[in-house]
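The listed protein sequences correspond, in order, to chains A and B.
As numbered in my numbering, residues 1 to 389 make up the first sequence, in order.
As numbered in my numbering, residues 1001 to 1202 make up the second sequence, in order.
Wrong hints could be hidden among the right ones.
Below, computed lysine-lysine pairings styled on PhoX-like, alpha-carbon distance capped at 20 Å [as the list claims (entries may be wrong)]:
| id | chain 1 | residue 1 | chain 2 | residue 2 |
| --- | --- | --- | --- | --- |
| 1 | A | K382 | B | K1041 |
| 2 | A | K384 | B | K1061 |
| 3 | B | K1052 | A | K334 |
| 4 | B | K1052 | A | K331 |
| 5 | A | K382 | B | K1039 |
| 6 | B | K1057 | A | K89 |
| 7 | A | K382 | B | K1057 |
| 8 | B | K1061 | A | K370 |
| 9 | A | K370 | B | K1057 |
| 10 | A | K382 | B | K1061 |
| 11 | B | K1079 | A | K311 |
| 12 | B | K1052 | A | K373 |
| 13 | B | K1039 | A | K384 |
| 14 | A | K334 | B | K1079 |
Hints in this document: simulated from the structure, not taken from any laboratory.
What you are looking at is a predicted structure, and each value in this text was computed from that prediction instead of being measured.
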Amino acid sequence: MPSLAGLFFWMNSKLENIKKIKVSKPLKLDCGKTINNFPLAYETYGKLSSNKDNAILIFHALTGDQFVTGTNPITNKEGWWTTAVGPGKAIDTNKYFVICANVIGGCMGSLGPKNINQETNQPYGLDFPVITIRDIVRAQESLLDHLGINKLLCATGGSMGGMQVLQFCATFPKKTFSAIPIACSSSHSAQNIALNELARQAIMADPVWDNGKYLLKNVQPKNGLAVARMVGHISYLSEKGMQEKFGRKLQEKADYEFSFNADFQVESYLRHQGYTFVERFDANSILYITRAMDYFDLSKQFKGGLVEAFKNQSTKFLVMSFSSDWLYTTKDNKDIVIALNSSGADVSYSEIITDKGHDSFLLNEPEFLKTLKGFIESMHEKFKNEKRI
Amino acid sequence: MKNLKMKKEFKVIADLLPNNIRVLDVGCGDGSLMNFLQKEKNIEVRGLELNKDNVQKCIHKGLPVIQGDAETELHQFPKQSFDYVVLSQTLQAFYEPDKVLKELLRIGKSVIVSIPNFGYWKVRTKLLFFGKMPVTKTLPNKWYNTPNLHMCTIKDLFNFCDEQSFQIKKVVGVNEDKTSLIKKSNLEIKNLFSKLGIFLIG
Chain A
1 MPSLAGLFFW MNSKLENIKK IKVSKPLKLD CGKTINNFPL AYETYGKLSS
51 NKDNAILIFH ALTGDQFVTG TNPITNKEGW WTTAVGPGKA IDTNKYFVIC
101 ANVIGGCMGS LGPKNINQET NQPYGLDFPV ITIRDIVRAQ ESLLDHLGIN
151 KLLCATGGSM GGMQVLQFCA TFPKKTFSAI PIACSSSHSA QNIALNELAR
201 QAIMADPVWD NGKYLLKNVQ PKNGLAVARM VGHISYLSEK GMQEKFGRKL
251 QEKADYEFSF NADFQVESYL RHQGYTFVER FDANSILYIT RAMDYFDLSK
301 QFKGGLVEAF KNQSTKFLVM SFSSDWLYTT KDNKDIVIAL NSSGADVSYS
351 EIITDKGHDS FLLNEPEFLK TLKGFIESMH EKFKNEKRI
Chain B
1001 MKNLKMKKEF KVIADLLPNN IRVLDVGCGD GSLMNFLQKE KNIEVRGLEL
1051 NKDNVQKCIH KGLPVIQGDA ETELHQFPKQ SFDYVVLSQT LQAFYEPDKV
1101 LKELLRIGKS VIVSIPNFGY WKVRTKLLFF GKMPVTKTLP NKWYNTPNLH
1151 MCTIKDLFNF CDEQSFQIKK VVGVNEDKTS LIKKSNLEIK NLFSKLGIFL
1201 IG
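Just need the whole structure built from these sequences, with the hints factored in.
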């Protein structure tokens, strides 16, 4: 097995070959700083139709990337939303042109804290500006221009991807015909922030982190990053789902070892998730992206509240939540629906009954996928008609 | 046959509605009425539906529908946010139909409520002559599995609206393909011969 530093070097060299645009339009960030001439990495699937009525923009979640389906060329693993996106899937790449960009602040080719700061000729680390969900979304506008798309058929995403959907619709109300925010909320709760803080503190407590300067030594604070990932994984499963999956089952042993090794399957699962994650993710990116999520508060942005954020929407919404999701609950999602309703927007809502927790949107949940497919198909018909007129 | 009868009810409701307005269909089922109103009258429709299979059917048809319980979730719709609110054959299934009706009148400038008429002569005779809870085409369930908790007659709803000072603008009685206007003067007889009562209140 290659060393972690070697692995990172190898991944970075692979990152040279992925699709990227250079965004020349300066982007004034919410923190006050401006970024310009920055890289935005993306991937597309399927073909854009001649009258451009089939483009779907997918926003990825915290640890996702632009490689939605097929094989991720960097990690050689399956794309993160292969259950929903691909030929013949709910988001059918034979019919639709699917676009996904790596968020800024991320580590899959778009400008992020591991990029070289031109001023210092060193990786940004903590000199990278603190970004927001709005910054992340606004950075992606240029990509649509680059691809020649004035109006999307649909913008969708789950979790932090859903937040970006809401932000996108609020910031660019005319840029998409329909929108599907999934398992998200319009602002982070105290519990959401607390869990993110736990993840950040785990990273910062790792001595290797060194105030974010670890890249100078070509290392990763992998212990801290792995713990941060474990926190995430606990929050993605429901109590019942976890109990059913692991219970008190032991990991390939007949009895306790009377040690601190991973005796329980659930421990082994978390350790596995944690330590495979460090191979593909940058610790500082977790700090920046979780911060963006914590700062997200659509009501605060629009002083009159959430209803104000969705004023004059012609976009047709479908909001979906999962019954056992305790990270972004049905109530969080319903609050979005209520605001959309109050603003007079065209909104549908469906709660999927499942034990699989927040993770459900990434899994093979037939009812969820059927609803997703049905909605997009009907929107495609309507959008085609609108385009004809 | 059932389909035709359904369509008659929808036709009556559609005739009561002006074109190009905003309508909330509470308990919208599979969206048949919404579809009809959208296509025939260019009405901007929204639906509220409890049953998830029906919600999915609406979504597949491209009809905006919110999965939820009218008994507890009407509060999410702002005051007077719709021109009309339609409640088709569901009033009798609520725990507190009086409260639901008040909520509908808060949300809509006008409300259309249809009810299966428990005063219909066949219903009355079943109970009277056979001593059994009536099972008819409009009331197809047995006593133990009926969703209908608060059955009422056209006369009951008529009187209720009076008591509550809800303004009744129009009442239509439906029996198969025949419809007739119901007024205070013909209430007794229409209450006996209508299978359905459709009330325009507001």
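Here is how each hint holds up against the structure:
Simply put, K382(A) and K1041(B) have alpha-carbon atoms about 18 Å apart, close enough for the 20 Å limit, and the pair holds. Our distance criterion of 20 Å between C-alpha atoms is met by K384(A) and K1061(B), whose separation comes to about 15 Å. A hinted pair counts as satisfied when its Cα atoms are at most 20 Å apart, and K1052(B) with K334(A) qualifies at roughly 16 Å. Note on K1052(B) and K331(A): the hinted pairing holds, with a Cα-Cα distance of about 17 Å set against a maximum of 20 Å.
Restraint check for K382(A) and K1039(B): the C-alpha separation of about 13 Å stays at or below 20 Å, so the hint holds. Among the hinted pairs, K1057(B) with K89(A) is consistent with the structure: their alpha-carbon atoms are about 19 Å apart, no more than 20 Å. For the hint pairing K382(A) with K1057(B), the CA-to-CA distance comes to about 16 Å; that is within 20 Å, so the pair holds. Of the pairs offered as hints, the one joining K1061(B) and K370(A) holds, with about 13 Å between alpha carbons and a cut-off of 20 Å not exceeded.
For the given pair, K370(A) sits about 10 Å from K1057(B) by alpha-carbon distance, which is consistent with the 20 Å threshold. Between the alpha carbons of K382(A) and K1061(B) the distance comes to roughly 10 Å, so the proposed pair stays at or under 20 Å and holds. Our distance criterion of 20 Å between C-alpha atoms is met by K1079(B) and K311(A), whose separation comes to about 17 Å. Under the criterion of a C-alpha separation no larger than 20 Å, the hint pairing K1052(B) with K373(A) is consistent with the structure, at around 15 Å.
Restraint check: the Cα-Cα separation between K1039(B) and K384(A) comes to about 17 Å, which is no more than 20 Å; the hinted pair holds. Simply put, K334(A) and K1079(B) have alpha-carbon atoms about 18 Å apart, close enough for the 20 Å limit, and the pair holds.
Comparing the model with each earlier hint shows no violations; every hint is respected.
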